[in-house]
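Chains as they are written, first to last, in our numbering: chain L, -5 to 160; chain R, 489 to 674.
Please note that a few of the clues may not be correct.
Stated by the list, open to error - Pairs of lysine-lysine, DSS-like flavour, derived with a Cα cap of 30 Å: (1) K637/R x K505/R; (2) K7/L x K144/L; (3) K637/R x K7/L; (4) K636/R x K549/R; (5) K9/L x K145/L; (6) K621/R x K637/R; (7) K505/R x K9/L; (8) K144/L x K118/L; (9) K30/L x K496/R; (10) K7/L x K30/L; (11) K636/R x K607/R; (12) K549/R x K505/R; (13) K602/R x K505/R; (14) K671/R x K9/L; (15) K30/L x K621/R; (16) K30/L x K505/R; (17) K671/R x K144/L; (18) K19/L x K30/L; (19) K9/L x K607/R; (20) K621/R x K607/R; (21) K671/R x K7/L; (22) K505/R x K607/R; (23) K671/R x K607/R; (24) K144/L x K111/L; (25) K505/R x K144/L; (26) K99/L x K7/L; (27) K9/L x K626/R; (28) K145/L x K671/R; (29) K549/R x K145/L; (30) K505/R x K671/R; (31) K30/L x K626/R; (32) K496/R x K549/R; (33) K671/R x K621/R; (34) K145/L x K505/R; (35) K607/R x K144/L; (36) K621/R x K505/R; (37) K637/R x K9/L; (38) K496/R x K637/R.
Because the hints were derived from the structure by calculation, they are not lab data.
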Amino acid sequence: MSITQNMLHAMVKNKIEFVTTVPCKQLSGIIELLEKDERILHVPSNKEDEGMGLCAGAYMGGKRPCIIMQNTAIGVTINTLVTLIQYYRMPLPILISYRGEVGEKVQCQVEMAVHTKALLEQLKIPTYHFHEPNDANEFDGILNHTFMAKKPVAILTDANFWSSIS
Amino acid sequence: MIRADILKEIIPVISDKLVVSNIGLPSQELHMLDDQPTNFYMLGTMGLASSIGLGLALSQKETVIAIDGDGSVLTNFGTLPTIANNVANNFILLIIDNGSYGSTGDQPTYTGGKTSLAKVAEACGCENVVECKASETKEILEAAIQEKKMTVIVSKCQSGNIPVPVIDIDPAVIRYRFMEEIKARN
Ligand SMILES: [Mg+2]
């Protein structure tokens, strides 16, 4: 099974039925798979805080959500994470393309990468970093943990993690 | 008419419906006038009432009414193309457009100037957009619920506020009772 299929399989296994995305080059493979999969409703959003609003609504409507976005969006979503997702005690897996790490070609991406883990730590968001392709096997357990804990949980996926498919 | 007058008029129509209401005074007014487990009060996060409402409408069968404001729609303009392109016929976005940021001291918004939210919604691809006078809101909202077509209503009213108490319900309780009600109805 490819990484993207493995990740999608974990989502379906954990009964995720609503996914919103703002694209990133690293995430194009998984977004393409999601769009085709009839078990999951894919609603692209224009900005990541909007996406988190959609996820909050889906969760309250009985569908487990997930948001897929780039780490550059963490700044955009801080208020929403704190005053909506955390304040109302909602679960939200946040699958994040961790741009600006080793292997990055766009210099500017490094600027946000250096703040990514510090911001997540400051927000007390449980954070997992996928670096090796095999780390995808952890996704199932992390998703299960997220819905048990009713918290936002960040899964950072770097260039090395995705390298086997690009 | 001001926002509170519109809310008073539409309460018989929305009381047993799932309502997501905008941060600040709109939520506080609705809470004071007709607190229901079917109301989801936003206590923070300006701009996301329409997004939460759409996500909810796409995920279950009951009619969902998001009560939003002009300032909040302006701050989350990206919501309108998402609404237009992901049609949920059980979703109504009611924008109470008083041309001002009511909760922060009635500073003017651009909708009191040159900007038409109804035209923006149409340009974004929303197919049923109705702009109305405050006094017509109840009738138009009732019709939209009956028609079961996704509708954006822009209700133009005066700015102004009434004194209201703060909402002293824990957010987890607001969310929990809302979800229990949704589960029971689906
Ligand atoms: Mg206003």
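Flag every earlier hint the structure violates by its number, smallest first.
The structure breaks hints 3, 9, 13, 15, 16, 19, 23, 26, 27, 31, 33 and 35; every other hint is satisfied.
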